[in-house]
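> Residue strings, one per chain:
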Amino acid sequence: MSDIPMILERVGKKLIIDVAPHFDGHYAAGHVTMAGLLSVMASECFDGLVDRLLSEIADMRTLLIDGGRDPGDTRSLSMKISAIQPTHDRLSAELIALQEDIETKTDEVSKSLNARIWQFFVEGSEARMPALPNFAEARAAAAADIKASE
Amino acid sequence: MTMTAEEQRLADAFAAYAETRIEGASEARVKHLSRIHGGASRETYSIDLKYKLNGEKVTLGLILRRDPPDSLVDTERKVEFAAIRSMKEADLPVPEALFLEEDGAHLGAPFFVMERIEKGVPAQPFQLDALDPFRESIGRDVFRHIGRIAAVPVEGSPLADVIDMPTIDTCWSRELDYWEGEIDKHARRPEPIARAAIRHLRRNPPPPAKRISIVHGDYRIGNFLHNEAGKITAVLDWEMAHFGDPYEDFAWVCDPLWSGGDIQNAAGLLPWPEAIAEWEISSGLKFDFAAYEWWSLFSSVKAIGIWISSGRTFADAKNDDPILAWSGWFTHAAHERILAARLATKYRV
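Sequence order for the protein chains is A and B.
When the letters of the first sequence are read in order and numbered with the numbering used here, they come out as residues 9 to 158.
When the letters of the second sequence are read in order and numbered with the numbering used here, they come out as residues -2 to 346.
Among the hints, a few may not be true.
With a Cα cut of at most 20 angstroms, we get these calculated SDA-like pairs of lysine to any residue [stated by the list, open to error]: (1) B:LYS116 <-> A:GLY33; (2) B:LYS182 <-> A:ARG98; (3) A:LYS119 <-> B:VAL346; (4) B:LYS343 <-> A:GLU134; (5) B:LYS85 <-> B:LYS182.
Rather than coming from a laboratory, the hints here were simulated on the basis of the structure.
Only chain A is shown next, with the shape it has when bound in the complex (with noise of 0.2 angstroms):
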């Protein structure tokens, strides 16, 4: 079985449903909750990661272009995240650096340049961002669970 986002998701909400709740009051408890989330977390986030620094490298490499600067090589002989994500770095700083250049510049080109980066920003930290469990809800559904099976 390699479903790895479907065990991840499991074992993260087993954590926190079922076995948290036996270190009740306890410092463990903390520790038990904070890595299931973390888990339900990573399953989440573990199918797009790819696919989003793919995408945010090929926004940037757009930029830096219409910027005016060389983005280098950015394609990947491998798809490893290990292998993608130093040239995703790369490229950050690289805008950076462009960003940096051009956001005081007064010119109708560099300000619609900058509000480009900006846009990109937004779309990416909307991408970034994972969503909080809901715990009310998984509760209720490990309670129905109980419940239909007795």
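With the hints as your guide, set chain B onto chain A.
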């Protein structure tokens, strides 16, 4: 629950220490010791200490705050200790700060001890609904306290003995320099949104502070106790206290992350006009939106500085508390989103 061997060692060492510090105490022992989750800047323990005083049996509820190997924020415990004492002198609801030890000889690391507030429960971040139906009355206390903190005279306060004071013109740049430095030191990746926000704040400085006051530095949902009937019983977690602009605390408690996204109410608790009125009455200051706006954006930059530091601490395996990974991920992402959304509107998006 029974204590682990490590907790038992700490309990024994603490009892021996306490007996030397409480005049006339004998036969001191720790009846109960439990670590409180969430205090990632210090290890926080709740302790029941029993001892004899003039033949009488005494039980004392205490909180021990011990330095961890590495923490979310890098502050000296003497600052927190002095800040609590400053507030106690001003009659704000804070615990009594009892003992401060700056070397690790007694308990393996520097620490301080304060009284445990027995009446009160913590308000949980991200669960503002749990405060209903007392949300507004707690909100009034929040803004009254922030105003009262801002009104405490700084000259002659215990805090003035341990940290220096900025001028009214430099407190904004001092804070911004500090948090930019934290981002420089701890960022594992480029931070385009935080960097753009820092440049924006430098290009658009706030008006000079109306006065220099004591700033709690982390007054928000989660860092106070309430009596479940609408009153705040204690303001806690003073480790980020410093001197600065009173708007820093006002803006921090109103940050959208702590407000549950409720921007219709200040801090997600109280209608804005009422919050401002409470603060103006207790601080003696007139609310200035331009100052608030700057410090509000700054709050999100400062938050990103904290989350980057905590994520780095976790990644470097200096402290494996999962809350540091959560801070470095979820709350970091939340504040990037907040900053991007707010600043983009200023640049024609």
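> Of the hints given before, which are not true for this structure?
Of the numbered hints given earlier, the structure breaks just one, which is hint 5.
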